[in-house]
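> What follows is each chain in one-letter form.
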Amino acid sequence: MEAEVKDQLVSIEKPELIAPPNWEPVIMGILCNWCSYAGSDLTGTSRIQYPPNIRIIRVPCSSRVDPWFLIKSLQTTADGVLVSGCHPGDCHYISGNYFARRRFLVTKKLLNFVGFHENRIQFSWVSAAEGPKFAKVVNKVTEDIKKLGPLHLYKKENFEKK
Amino acid sequence: MARVGVFVCFCGANIADYVDVPQVVEEVKRIKEVKFATEYKYMCSDPGQGMIRDAIIQYKLTSIVVAACSPRMHEKTFRKALSDAGMNPYLLEVANIREHSSWVHQKDKKAATNKAMDLCRMAVAKSIANEQLHEISVPVTKRALVIGGGIAGIQAALDIADARIPVVLVEKSPSIGGKMAQLDETFPTLDCAQCILTPKMVDVASHPYIELIPYAEVLELQGFVGNYKVKIKKKASYVNFKTCTGCGACWQKCPVKVPNEYNMGIDKRKAIYTPFPQAVPNKPVIDAENCTMLTKGKCGICKKVCLPGAIDYEMQDEIIEREIGAVVVATGYDMWDPTPYEEYGVGRFKDIITSLEFERMVSANGPTNGVPQRPSDGKVPKNVVFIKCVGSRDEAKGIEYCSKICCMYTTKHTILLHHKVHDSHAYVFYMDIRAAGKGYEEFVKKAQVDTGTTYLRGRVSKIYKKGDKLMVRGEDAQIGQVVEVEADLVVLATAVSAPKDNPELARLLGISYDKYGYLSEAHPKLRPVETAKAGIFLAGCTQAPKDIPETVSQASACAAKVCGLFSGDTMKKDPMVSTINNEYCSGCQNCVKVCPYGAIITDEVPVGHGIKDLRTVAKINEGVCQGCGSCVAICRSMAITLAGFTDPQIINEIVSI
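Just so you know, the sequences run in chain order A and B.
Positions 439 to 600 (this note's numbering) are the ones given, in order, by the first sequence.
Positions 5 to 661 (this note's numbering) are the ones given, in order, by the second sequence.
For the record, the hints were derived by calculation from the structure and aren't laboratory data.
In silico DSSO-like links for lysine-lysine, alpha-carbon gap of 27 Å or less:
1. A:585 - B:111
2. B:565 - B:183
3. B:597 - A:546
4. B:529 - A:571
5. A:578 - B:114
6. B:111 - A:571
7. A:584 - B:111
8. B:114 - A:571
9. A:571 - B:113
10. A:571 - B:519
11. A:578 - B:111
12. B:597 - A:547
13. A:593 - B:36
14. B:113 - A:584
15. A:574 - A:584
16. A:585 - B:114
17. B:401 - B:469
18. B:113 - A:578
19. B:84 - B:64
20. A:574 - B:113
21. B:111 - A:574
22. A:510 - B:36
23. B:113 - A:585
24. B:237 - B:307
25. A:584 - B:114
26. B:473 - B:354
Could you build all of it, start to finish, from the sequences and the hints given here?
The following block contains the structure:
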C-alpha cells in the first residue's frame, strides 16, 4: 500500500517552465509566536543575513495553522510555504505542535498527491534561541523553491482566464 | 469602509539605512483603505506616539498599522497610544520591518524595501479585518493552596496568610516540617534547625488564616487561574484528631515495631506513631500497613488505653473539596539512592551511611542521642571519610547536575563530627568545593582550620573491608597518587533528586517537568517562581536543588505573586481567546479532544426551528482558554474563531502581497 501511494506521489509540475529573468520566489512563512517568531526576531537582532524572499505571518501556535492557509498561499501569492513551530515537547501550549505535526504530514501528502512538488511545503522546528537555525532554514527553503521555479499549478488566475 | 493609518518608523538608522522609508510610505498610500501614512524617526518615542494619537482623531482612522520593530517589542506601547486616543487598542497591527527586513537584508536595500512594503501591505490587510476586543474580567477566589509542608510550604503559607488570605496547606506525611525537621544544625551559622523551624510550624497550626490538612494528597485540580477547584484525599489516620489529646499512651503501649522513617530507619517506631516529638499536629496516626488490628484484626491495645476514645479502626479516607485561586507547589526533594555505586560497597558494608543518616545520628533528638555510631558494632567512629558528589555530577551512574548543597552540608558534618567526637579525624574526598553564598566560603575556610579535616581532591574508586575497618581507595589528584584511608565510618554525600511523585503531580496540575523530574518554571531567569500555567507557582527544591535561604526566598516570592494575583476582586485577561458560534457547531467534539487546557466542554442547546429537542454543542470557557488556536484549525464546520487571529485576518495577509 505504502509503495503504491509512493508511486503516485510524483510531482506533475513541469520543470521546463523556465523562470523569467530576475525572478524571485515568494515564500509564505507562518511562524508560531513563542518559538519560531521569537527565533526569527533573534536572527534579526543578531544581524544574520538571509534571502529576502520570505514573508512572515505570526500565529499563536503552529496548531492554529489551518491547511487552508497553505493551499490559499500556493493558490494566490506564494511559490512555497514554510511553517515553523516550537520543537516537539517544547510547545508553549503544551501539545499544539504535535497536532500541527500530524496535520501537516497529511496536508503535505495530499498536496503532493494533487501534483505539488514536496519541497513547496516545508516544516521546521525553530526555538526562540535558534536565530542562526532560522536563517539556515530560510536559506534552504529559498534554494529549494528557486530550483523549482515559479508556481503555475492551480494558480487562481489560470482558472479565471478560462 | 476601513480607514487605516500607517506609521513607518526609521528607528534612527536601524531601519532607514537599509530600507527606503519614504518610498515605503508612498507605496502604502496607494492602498485604497489607507487614508493617512507618514514616517518618523522614532515611533515609540513620546512625539511618535503623539503623532498616532493626533492622526487617529484628525483622520477618523479605524485601524492603525505601525511599521517598526517586532511586535514582541513594542506592541504594548503602541496599543497604549491607541487607548489614549480613545481607540480600541486591538485595532493595532505591527509590521515587523526591522527584525524581519532591515536587519536581515542589509546588503540589498531594494529587496529590503520591497519586503518592507509587502510586510506593510500584509499588516494593512490584516488590520482591516481587526475587530474591537476587550480585556476579559475573571472573578478570583481568594484562597491559596500550598502543596507540601516543608520549610518552603510553611514559609509560603505563613507569608500568604499574614496578608489575610486564607491558605489550605496539604502535607503528605502526618506532620509538617519536611526535611528541615530532620536536620541537626544548619549551615553557615550552625543554627539548630529545630529551634528555628518549630516556632514556624506552631505558627502554621495556630494561624487563623491557615487550614492545615496533614496526611493528605492532592487528587485532582480543575479550573483555571483564580478559579481552581481542588480535590484532596485525606488519608484515614484511624485517630480522631478532635478528641485526641496527644498524650502518647497509645504509641507507648503499641507492640508493633517498624523502621522509623524520621530517623532514616536507624531505630524503630510503633505502628501508631507521631513522626517526631515536635510534630505539628502532635497527634498520632496508625500505619495501616503494619498495624495488626487493621491487617489481621488482632490487638486493639491502643483503643483500650486511649482514655478520650479517639481511636477509630473504621475510619475511611475522606475527600475534601476546596475552591482556590492559586497554587504553590513545594514538594521538596528526595535523597538519591546510592545503590548504583557498587564499588563503594553500598548495601554490603553496614558502616557506609548516607549524609542524612549521619545527620540523624549527630542530632540531639536522634536515635543515638547525638553521638555518631558505627551501625555494625555501635562503636564511636574516630576516622570518618566523607565522599562528596555521590550521584551528583556523574553522568555515568548518577545525575549530571550539581546538587548544590552537599559541599556545604559536608563541611557542616565535619564540624559536627568534631563537636561530638573530639578526638576524631575527618577526611573529605571532593571534586570541587562550591561555596557560593553569603558567608559560605568563610564557613568552609573556618571549618577546615578548626577541625583539621584532611581534604583530598579526587574520586574514590573502591571501598573494601579490612578487619572491622573500611579501606577507602581513591585518587589525590593534587599529588597525582592513589591514596588509601582507613575509615571507621564512611558518609556518602548523596545527591538531591526530584521527588518521585513529581511527574504524576505535574500531570495532575497540568504543568511541565524536566528530564530529572523537577517542575519547570516559566522562564529560568525572569520568571523563576511561576509555571507556564497561570496561577501555579513553585517554591523550594521541587524546582531545582536549593539550600534553605534560597528556598525561603523563593517561598516568599511565591507569596508575593499570590498576593499580587489576589490584589483585585477580578483579574484581567488577554482577550485573544476562542469563541464558538453555536449556529455552526455540529457537536463533533474534536475541539474538546485537542484543547490542551480542558477549556472546552459540551453543552446542550435547543435545536431551534420549532423543534424542542436538544443538541450537543461545544462551549469554551474563556477564562481557561489561552488562545493557542488548536480548536480553530481542527473545527470542520468553521464554527470557532480565535480573536486576534481570525481566518479573515490571516487570509487577508496571505492574499495581500
